[in-house]
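Asks: Starting from the known structure of chain A, arrange chain B on it as the hints suggest.
Now for the letters of each chain:
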Amino acid sequence: MRKIGVMALAATLLAGTFGITPLKAEQGKPGGTLVMGTTQKARHLNPAVQSGIATAVPGTQIFATPLRIDENWQPQPYLAESWNVSQDGRSITLNLRKNARFHDGEPITSEDVKFSIETVKTNHPFKSMFEPVENVDTSDPHIAIITFSKSHPAALLAMSSALLPIIPKHVYGDGQDLKSHPMNNAPVGSGPFKFKEFKPGEYIILEKNSDYFLEGRPYLDKIIIKNYKDTTSLALATDKGEVTMFPFLSSTKDIRRLKKNDDLVVTSKGYEAVGPMNWLAFNTNNEILKNEKVRQAIAYGFDRNFITNALHGGQSTAATGPVAPGSPFYAADVEKFELDIEKANKLLDEAGYKPGEDGMRFKLKLDYIPGAAEMQKSVAEYLKPQLKKIGVDVELRASPDFPTWAKRVGGHDFDMSLDIVFNWGDPVIGVHRTYSCENIRKGVIWSNTQSYCNGKVDGLLKLAAEEQDTDKRIALYQEAQEIIVSEAPLAFINTLPYHTAYSKKLGNPPLTVWGAMSPLDEVYFK
Amino acid sequence: MSILLVIFRRLVHAFLLILAVLVLNFLLIHIAPGDPAEVIAGEMGGATEEMLAQIRTAYGLDQPVIVQLGTYLGKALQGDLGQSFFYNAPVLELVSGRIGATILLVMTALLFAIFVGTLLGVIASHKPKGIVSGLVTLVSVIGYSAPIFWTGMMLVILFAWSIPIFPISGMYDITKGDDLWTRALDILHHLVLPALTLGIVYLAQYARLSRASMLEILGSDYIRTARAKGASEISVYGRHALRNAILPVVTIAGLQFGSVVSGAVLVETVFSWPGLGTLAFDSILARDYPTVLGILFFSSLLVIVANLLTDLVYRLVDPRIRMEG
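If you're matching them up, the sequences are chains A and B in order. For what it's worth, numbering that gives the first Met the number 0 labels the leading residue of the first sequence as 0, then goes sequentially. For what it's worth, numbering that gives the first Met the number 0 labels the leading residue of the second sequence as 0, then goes sequentially.
So that you can see chain A by itself, here it is in the shape it has in the complex:
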């Protein structure tokens, strides 16, 4: 899988014109209502100014993007029927479909593409996606020419899924603040489904867009996204058949339970681009943890296999480095930090922390995100007695709720913390932020809260961000990952066992690298 992904990515990222590969979906039959269950509550439905699964799932149905990415990480035509990357990689030309219209009947032009890029650049939390954009030429209404200040290979991926929804300028360009625009709650897009109703925290109803630019699609008449209070009740509803699709299922007991249901398919495919990582972060400003040997010792001091097999019932996968295993940029050849108590003790001795009379060398606090028990709390509860074996006295510090945890970790007021962070497709989008020196920003959660800074890593990440040749890019990321893993600003634990449970009655389920965060225009009831 990885090899195919790399080859496909290499083929598509090289300069040239693309857009002829058709999607290989089965022909479906029209009709039916898809009920999707979620525990994530959407703040609003405009992904141009809001990241996260809750907005992305409905957002990708309502808004079309210039490109879509298939299961082999290969860009495919969507709103752009073809595209061209210049030789120097500093410009991308999008040839827009002439028949594409917004849900209010207005045609989609290059002006809308420009407006959308500017909106995302200003308002989206992932600044790195379109930061290098210098200009968008709109002289032809059906051709958008995007020029960058430097080569920016991550741009193609950043034009897919929920990352660059093309929003209508005539609706959102009225001068109101985009983040709180009233039409974010009743969005107008050009995707396969039109907005019908949104009850915050309860449900979202989307209806078939019969004027969709891809002929004959979508097949479904309606999509209902229903909120459930927790995964247990959602799993129950899925088991009983009330819910047709349950994406982003990560509770291992629910995965095991739903796998027993003969009417359902439960698969881990479709989360390769999300790259959800579970790790143990070290505050390298801490007097004890600033010593690399201490961090390495802790990384050697626990057993990832115990976590994935015993705590997660064999449903999660051990993580070895900054990039998740499903990505073409994953580096398998790094130090694995397999459990080695002897080595851990030796490293701690070398670091100058001899055990005291009680066998303890020092005490550290361990935070974890509340509400994600299997990935966080139970791992923390395992680490406490486990790290005692190497003389590390761990004090668990629970947070009553997410804001409290975010305040502590974002404010660098922690020793060690378990954390869940997504790769978001290209390393430029979701990986650099954790390691680059310039992203040490106190008060900002999911920045470089470890305060890790290595000039060489920074240099490699910058080169990789601009490198057009995919093989060279992979090599640069390999080198950066080797250094990061060995210096252990984080101890990598596992990737989240995200699964999709869906009814066997469904054809063409969303199993591309973006999973349910991609248009469900091919999904149908058999």
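These are computed hints drawn from the structure, not numbers from a lab. Any given hint could be a false lead.
Stated by the list, open to error - Here are the simulated distance ranges between beta carbons:
1. A:G370 / B:L157: 54 to 64 Å
2. B:V304 / A:G370: 32 to 42 Å
3. B:A145 / A:E394: 30 to 40 Å
Said to hold, decoys possible - Taking beta-carbon pairs under 7 Å as the criterion, some of the chain B residues facing chain A (in silico):
4. E37
5. V38
6. T174
7. G176
8. D178
9. S271
10. L284
11. R286
Claimed, not checked - Okay, derived cross-link-like pairs now, BS3-like style, lysine-lysine, Cα gap no bigger than 27 Å in a straight line:
12. A:K387 / A:K362
13. B:K74 / A:K207
14. A:K221 / B:K175
15. A:K525 / B:K175
16. A:K388 / A:K195
17. A:K503 / B:K74
18. A:K198 / B:K126
19. A:K258 / A:K268
20. B:K175 / A:K40
21. A:K228 / B:K128
22. A:K268 / A:K40
23. A:K504 / B:K175
24. A:K388 / A:K292
25. A:K207 / A:K292
Keep in mind it's a predicted model, so treat the numbers as computed, not measured. Don't be surprised by glycine CBs; every beta carbon is placed ideally from N, CA and C.
Replies: This is chain B only, laid out in the frame that chain A set:
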């Protein structure tokens, strides 16, 4: 005192009380650690400092707390409860969309508890040492002692698998038709378990209360007189005894309205009932100050109105109060 004057005085009290509730809650929620901008950033998968600053400025969170309080009260007095930080919508719209569900749940639970509880109490008082009375006492003790969320979860387990006849989550099924009758029946169907869970605690109390009250009254002279003049047992219980015995139930029901509303928060959370309770729960976790304050404003309003109504009902039931009043 005329009824209008009573209402007027109550309204003045209510206004001051609501103001105090708002100020106190405003200060309390600001003491809690955590920052709404960070929650919004958390939902977004991260943010830059500029973006956090933008969010704080947009919602006035960069101002000192006392300035924020002043602005809030000023707007609230003009009927503007502000914009939810978390949901991109006015608080008034969010709260008014949910308050109906909470009133429906609370009133159903309360009426169920009052009627069934009183009925059980009366039945139990007929033969205070009989089996029925013992059963009522036993059920009351269990109902009263069990935590409301536990009762709810037990019912969920029971009705999810063993007897799947009632839905265990939500208020209606959006996949079913949305014509009035289908929807109304569907809501009633969904209402059974949450209302039962919320009502059972109070039912137990009212059963105990009306049983004790009936026993006391049945032993009084005027009941003996009624029986002596040949009144039927139904008339003795219904016309003579119950009218007096129900007074403590009415008093307690009015006083308890507040606690029923707070019980609803738990029940709504267990059954995903889309009322103020679930909204409150989510808003507290999201540090969505305007929404939490909006909910507290409306729930205090509900309690005040309920107490006022209790007073009026009391006057109808007990003529002595009308005379003295």
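Asks: So which of those numbered hints doesn't the model satisfy?
Replies: 1, 7, 8, 13, 16, 17, 18, 21 and 25
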